[in-house]
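A.B. asks: Please model the entire structure based on the sequences and the hints provided.
4 protein chains.
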Amino acid sequence: MPHKHPMEARKHVKSWHGRLTAQADSATEALLASLDVDAALWRYDIAGSLAHAQMLREEGLLTAADLAKIRRGLRAMEKSIAAGRLAMPVELEDIHMVIEAELVRRVGDAGRKLHTGRSRNDQIALDLRLWARDAADDLTAGIVTLQKAFIALAKARGDVIFPTYTHLQRAWPVVLGHALLAYVEMLQRDAERLADARKRINVCPLGAGAVAGTTLPIDRARTAELLGFPQFSRNSIDAVSDRDFLAELCFACSMLAVHLSRWAEDWIIYSSGEFGLLELHDAFCTSSSMMPQKKNADTLELIRGKSAGCIAQLTGLLTLIKALPLAYNRDLQDDKRFAFEAVGMMKQVLAVAPGIVRTVTIKPPDLADGYLDATALAEYLVGKGVPFRTAHGIVGKIVAQAERQDLALADLPIETLQKHSKKIGTDVYRHLGAKNVVKRYRPDGAGGAKQLALQLRHWKRLLG
Amino acid sequence: MPHKHPMEARKHVKSWHGRLTAQADSATEALLASLDVDAALWRYDIAGSLAHAQMLREEGLLTAADLAKIRRGLRAMEKSIAAGRLAMPVELEDIHMVIEAELVRRVGDAGRKLHTGRSRNDQIALDLRLWARDAADDLTAGIVTLQKAFIALAKARGDVIFPTYTHLQRAWPVVLGHALLAYVEMLQRDAERLADARKRINVCPLGAGAVAGTTLPIDRARTAELLGFPQFSRNSIDAVSDRDFLAELCFACSMLAVHLSRWAEDWIIYSSGEFGLLELHDAFCTSSSMMPQKKNADTLELIRGKSAGCIAQLTGLLTLIKALPLAYNRDLQDDKRFAFEAVGMMKQVLAVAPGIVRTVTIKPPDLADGYLDATALAEYLVGKGVPFRTAHGIVGKIVAQAERQDLALADLPIETLQKHSKKIGTDVYRHLGAKNVVKRYRPDGAGGAKQLALQLRHWKRLLG
Amino acid sequence: MPHKHPMEARKHVKSWHGRLTAQADSATEALLASLDVDAALWRYDIAGSLAHAQMLREEGLLTAADLAKIRRGLRAMEKSIAAGRLAMPVELEDIHMVIEAELVRRVGDAGRKLHTGRSRNDQIALDLRLWARDAADDLTAGIVTLQKAFIALAKARGDVIFPTYTHLQRAWPVVLGHALLAYVEMLQRDAERLADARKRINVCPLGAGAVAGTTLPIDRARTAELLGFPQFSRNSIDAVSDRDFLAELCFACSMLAVHLSRWAEDWIIYSSGEFGLLELHDAFCTSSSMMPQKKNADTLELIRGKSAGCIAQLTGLLTLIKALPLAYNRDLQDDKRFAFEAVGMMKQVLAVAPGIVRTVTIKPPDLADGYLDATALAEYLVGKGVPFRTAHGIVGKIVAQAERQDLALADLPIETLQKHSKKIGTDVYRHLGAKNVVKRYRPDGAGGAKQLALQLRHWKRLLG
Amino acid sequence: MPHKHPMEARKHVKSWHGRLTAQADSATEALLASLDVDAALWRYDIAGSLAHAQMLREEGLLTAADLAKIRRGLRAMEKSIAAGRLAMPVELEDIHMVIEAELVRRVGDAGRKLHTGRSRNDQIALDLRLWARDAADDLTAGIVTLQKAFIALAKARGDVIFPTYTHLQRAWPVVLGHALLAYVEMLQRDAERLADARKRINVCPLGAGAVAGTTLPIDRARTAELLGFPQFSRNSIDAVSDRDFLAELCFACSMLAVHLSRWAEDWIIYSSGEFGLLELHDAFCTSSSMMPQKKNADTLELIRGKSAGCIAQLTGLLTLIKALPLAYNRDLQDDKRFAFEAVGMMKQVLAVAPGIVRTVTIKPPDLADGYLDATALAEYLVGKGVPFRTAHGIVGKIVAQAERQDLALADLPIETLQKHSKKIGTDVYRHLGAKNVVKRYRPDGAGGAKQLALQLRHWKRLLG
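Residue numbers (my numbering), protein chains in the order written: chain A, 97 to 560; chain B, 97 to 560; chain C, 97 to 560; chain D, 97 to 560.
Because the hints were derived from the structure by calculation, they are not lab data.
Treat the hints loosely; a few may be bogus.
Partial chain C-side listing against chain B, Cβ under 8 Å, derived [claimed, not checked]:
#1 Val-186
#2 Gln-265
#3 Arg-294
#4 Glu-370
#5 Met-387
#6 Gln-389
#7 Thr-415
#8 Asp-465
#9 Thr-471
#10 Ala-474
In the BS3-like style, the derived pairs of lysine-lysine whose C-alpha atoms are separated by at most 25 Å in a straight line are [unchecked claim]:
#11 D/Lys-493 <-> A/Lys-459
#12 B/Lys-531 <-> B/Lys-519
#13 C/Lys-295 <-> D/Lys-295
#14 D/Lys-459 <-> A/Lys-493
#15 B/Lys-295 <-> A/Lys-295
#16 A/Lys-493 <-> A/Lys-244
Built from N, CA and C at the ideal position, the CB exists for glycine as well.
C.D. replies: Written as structure tokens, this is what we have:
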């Protein structure tokens, strides 16, 4: 008996078999299938169908018996899928068709009515928005947890005097808490961006159908309400074309990832033998398969690297959408690959980062090096009436001399200092040295203990 | 007389000449200089300095005479620069130093006091935020203008029945206004994103100094107020490191650019000889240097291409910041190249796009092709009690038959239709044909005239 | 009985347990693990270990018995893994450690000697190069198959006269074969780029150890030879840091993907109802879940979209490596995600694309529209001594007039033509009309049948 | 007198004024114009026109007198443009039209014949290829200069014993020359990639016309020969669509930029106060406007940042081309922005980098820290018959103990060592310490003096 041509095999499984006669071969089926990715949406797909079915019943498009069957069928399937017991044949292409086909198998004609007034185009838009809403919430929770870890460390060890760096050269001294709260600021903007994105995520597209709505009397306000959306989309064409909300989520992830990469870079450098400003807990390090002495900050390096992954997903998603004619095109099938990957990476990273912060050991830094007090000396001269730009030049020369003698500024005798400026008095020594500098910070937001206390109060109020 | 080594030339011009002894050669100076780009910030730099000087005076760090000189000097320089009469020597590196050096040249020691309690690190952050605030406002205004052009066209020609496309194949018919308002929706989200970004732009970094503030008694609230900022930054390290606001602006531009690329793609295709749905005004087309018959939609193609430019700037800026240790690093000098380019492209495009919309000619489409009424026929069967999935299959076969006979659905005799389903009655002809379909749309947001009227009312309320 | 702290669990499984005392929790283990991705390298990892072991034996670093055990063990494991019967516990992190740990479990101390003179740093570099070499070969084979499909179509239907487009407006007529061979040219460059990349892939890093080689007497030339590498790396630091070969592969994939996206865009447009230049086989189309009339070019849309995926991977990989200090850093663990994804997408697409080409139906185009002969008319005038720029202007006006009258150029009476230029004689009609134009192409590489024959001969010679 | 509508102004200046009647307003003209960018191509444009004109004469399409006029005109214009004395009115859009219009103005009808058998589509492709060929050569020369600077330093200071790092933690000791030559390897691959790209750049597109060639008897081999191209393009459609060569150039620049970013990162870290491994010459550093003590590695930071710029250009160019239908579309006008920017950045950076290398001061590192000899100790144990994995575990414990006692391995008494393994004898001290380790490297490519000598010999042979 002859084999069927592969293109003729597996007929009639597709929702649209009426129109087309040949079937795809397996490579084509693999390309067309998004099941490997969109299966993750199954909970959202079922939730959407339950709301849609209830509305259809309320509008008289389903009988009470139909609705009961659909509900029973979908709820049973929830259990099957959760238990990994529902087959997902790749020729069904996507999670929507897997679920509809199984529903029809289980409950017959009632299942065939579920897609009334609906298209996969608005259905996938709905599933993605439900997913994205949860993703934004999960990421926000993860961000807050990480912020709290930094804040707790800022409280516990905040008063250690620590160098800051610009250009990786020592700049001014600050209290450590101030340095740690810089990361909390970054994270706060990430949380705010997610909150802003969430507003635009939280719009119900259901009822837009394939592109233009439907001639059937459906109630869009009702499905939106059942699914917890405060509003539904105003224009059906836009509703099925719009993937801004995923791009915005990818951007929020990218910015977050970039922030985390800066923190990771800082702490990788700080935990080098040469900087020695902190030591990571062994649980977040690995060693080498060849070099037995190594203790490497691998988790931080992986976190740093994830920024590249998120930027890539963002670039990819925007490029995917670029120049796509309205409305839906199949290119958009890959939107999920980008968005799921970006969100997944950030969730993974946020699950690890707080532990790194909570278990780090701060090592008391040597503050004698780096002339951390040089600008304070210039500002001392300003207090004595020297124009700042002139004072800056004077101190530049004092530093150059101190460097040649390998001395700290506070170790220079008053005569030496006075050779550079007559305005310098012996009170200058109360301005020199990192400790003195940190005490003298004046404006809000500067690197002293007083300013730290204010910041901690703010975060207490905001994050509890 | 021997030439000086180039590295020894041009001494003493830099703000920081006290510390370093050698000078850069010309290639190095070119690399270090950002003047070619940041000169564009001069108005913001002067505005910031005026506010800073006034605050310094109020805090007693300048005399009244100093302030008067600084003001006079800066205001005179505003005129010089606006007139293109201020030299900008590349060895001064950036606009801040050009302005400070010239001020010192003009007013002497008072000028040397201007940088009191300030660093280029917080100064450039300030300039960029002032620029970005204006950029967001300009872009928003441009978006609104474009939205209004679409809305005006939707009012004027909105009732023309027009095909929609998914996968570039005809889908459902709609009133043209509905298709046009899809672009307005996209643009509205762009405007909202800019408004959200603006909140995070609108924070005054001045007073953060180089990285840790200052030991001098400056009043950050006052400078913020003078410059129209509702708040100032909470953490000095973050304040000089943060470029989120530029990345967010680049993202908003990218999303906008992607939207415009979709519109451009649509209209390029629609204006092809084959689609023939619209014709662009000659003013927005060019011809060919070789082929005399050509009328090409070049402006739309350029608009489409700018999406690549914006995505590139966004990718570049995020990559620039990736893994940068805190706080300021010179890599950030190039932040402006990315942000200025993205914003500049979008301003340029928004200056042209409304004209394209205002002058377009809509050509009455032939709606007989493409079976735009097929789904309506399936929904007709749903009304007769056929489950949608079954109805979909029936209509698929009807379409296949009509296609073989090269007939529209409405041209099929009732007997042919009834061979496929006994449920079809002669009332079906009131459901077939694009015009009938458009009349029957039911839910809000669908493609009919009633729904268009609702949308237009919304935009009237929102945009006036 | 109390549970152990998760950080204390699963001790002693890591290769490097001597140095560090705490263990990672499960989120950290998940972050550290690359097994989900690098398990795909198992064949290459085992092949590399077999070669390494043989060399170690030849250098006296293993006994004959050790080698025999290692070989037996690794070969048995090949079967286990191929059959999916080897557990891959995530706490072992990567495929190297899974294999080494299992080998030790199976053959004891001989297994503990396998890592002599080797590090995971050179081992993963080796595995990736072996993989990349195969990837380049597989992609090249796929490209050739696709080229041949285009060439076969160019032979079969090459003489159909077809419009070309610039700016999506009709330009000149050509024989269809010429239009098809443009894609073959693009693909040829892709194949050449892969061949160039392969030279730089094909270098053996083994022996570079962790970063500086080893103090043990290993023979790098021997392992290179055993693994089919014509050369080994010259510098150990570079050998473990270098991921250029993956970036180059990603670039080759991106360029290929962009080429395919242009072809896909062409054929999506050509298969629209409006253009109607070709029809795709049903096997490569899908329909709609809602709209029963639809036949959508989904496979081409997915192919088009994969360009975004490849560009994203390239961007991501370059960004990952950006600013990484030498030599190995754990960020590089994610190199595989980018490279595997890009190569995987292109292999998938190349498995489908030839079928689309082989089964397409070309539809005879209507060539009366679009003034495809306008430039030929200008060149006719050049033949009569009119300067080209002048002739271009004359024909521009003739076209404008013909358009107003809705006539083709060949339909204009001679009097009308002569009103525009006295140089036009009745012989002009042998120059007008797409067929006449195509016959008159002169230089090599132009769009006529003669030029097509030359191109086909070239490809015959090159690809067989 | 009424003003003309801006769209009606400036008529008749365009090459194609015959066809279209309205004119663009100034915003539209600015969008359409590429003169701000493509003016840089003027030399190439004139060179191409000279070759084209000569061929036209040889084919009888120009008279000798025409050719003489065209030559005289173009050569005079070369001088005008070089002297900045040729107006470039934006309404002429591009450099091709500026030159042709001026030529016509200067020499009349002969100028009107220059565009015979040519289109801007093949003309710009030609100009870009001529430019790209020079760009590849310039970049290659810059790379070689930088390689030589590293090699000279490797010769001069190559024997200093230097730490290597993996994960920014100390790994093995090497001779400094070995560490420096790692950068030379990277750069060599960059040069090779440019050479490969050059093959694909070096193809003459002239004669492809707008898209399909021409009906006039032009000689493509002749123009190719006159312009130094070894071959001309085989397919006219591909010839005007292809921008691979620019993308490949952008990729080569990106990879180079990423390499330079890694070097910059290394040296920024090495020149920090904490690492103190090297000191940059003042000429390549700047200080701070506020902090007088700073000496920052600004040039290296800018070099590091340029990697983001290049990656952005590459991403942008690929995204620009993505899904463009064949053949030419105006989107491609922006190809130059990406390519010029990427090449320009790399040329700028390569002009500075060699000076940084030539003037750097190497500071003798303290090698006592970091257990650089730990793996050598494990390999010592291998020599005593201990399986490597076992030896690795033993040394891990020895290092942990040494760390607790804050001792180097060589400072541990033999009894301590022997407690960990009986195999350790007193000969172990000849294996411990960085100096001993470096002496013992065995395989080619490892970090010792012997291997360095081999590498230097190789580079001497290759680069002279």
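A.B. asks: Compare the structure with each hint and give your call.
C.D. replies: Evaluation of the provided hints:
1. For C/Val-186, the suggested interface contact is broken, since its CB lies about 27 Å from the closest CB of chain B, more than 8 Å.
2. For C/Gln-265, the shortest C-beta to C-beta distance to chain B is roughly 6 Å, which falls under 8 Å, so the interface hint holds.
3. The interface hint given for C/Arg-294 is violated, since its Cβ lies 28 Å from the closest Cβ of chain B, which is over the 8 Å cut-off.
4. At a threshold of 8 Å, the smallest CB-CB gap from C/Glu-370 to chain B is about 5 Å, leaving the interface hint in force.
5. Given the 8 Å rule on beta carbons, the hint for C/Met-387 holds: about 5 Å separates it from the nearest Cβ of chain B.
6. Because the closest C-beta pair between C/Gln-389 and chain B is about 4 Å apart, less than 8 Å, the hint holds.
7. Taken as an interface hint, C/Thr-415 checks out: its beta carbon lies about 5 Å from the nearest beta carbon of chain B, inside 8 Å.
8. Among the interface hints, the one on C/Asp-465 holds; its C-beta lies about 6 Å from the nearest C-beta in chain B, closer than the 8 Å criterion.
9. A least Cβ separation of about 5 Å between C/Thr-471 and chain B falls short of the 8 Å threshold, and the interface hint therefore holds.
10. Hint on C/Ala-474 holds. Least Cβ distance to chain B is approximately 6 Å, under the 8 Å limit.
11. A distance of roughly 23 Å separates the Cα atoms of D/Lys-493 and A/Lys-459; the hinted pair therefore holds under the 25 Å criterion.
12. Annotation: proposed proximity of B/Lys-531 to B/Lys-519 holds, straight-line Cα distance about 23 Å (limit 25 Å).
13. Only pairs whose Cα atoms come within 25 Å are accepted, and C/Lys-295 paired with D/Lys-295 is accepted, the gap being roughly 15 Å.
14. In summary, the hint linking D/Lys-459 to A/Lys-493 is supported, as the alpha carbons are separated by about 23 Å, within the 25 Å threshold.
15. Straight-line distance between C-alpha atoms of B/Lys-295 and A/Lys-295 comes to about 15 Å, which keeps the hinted pair within the 25 Å bound.
16. Under the criterion of a C-alpha separation no larger than 25 Å, the hint pairing A/Lys-493 with A/Lys-244 is inconsistent with the structure, at around 44 Å.
Checked against the numbered hints above, the structure breaks hints 1, 3, 16 and satisfies the rest.
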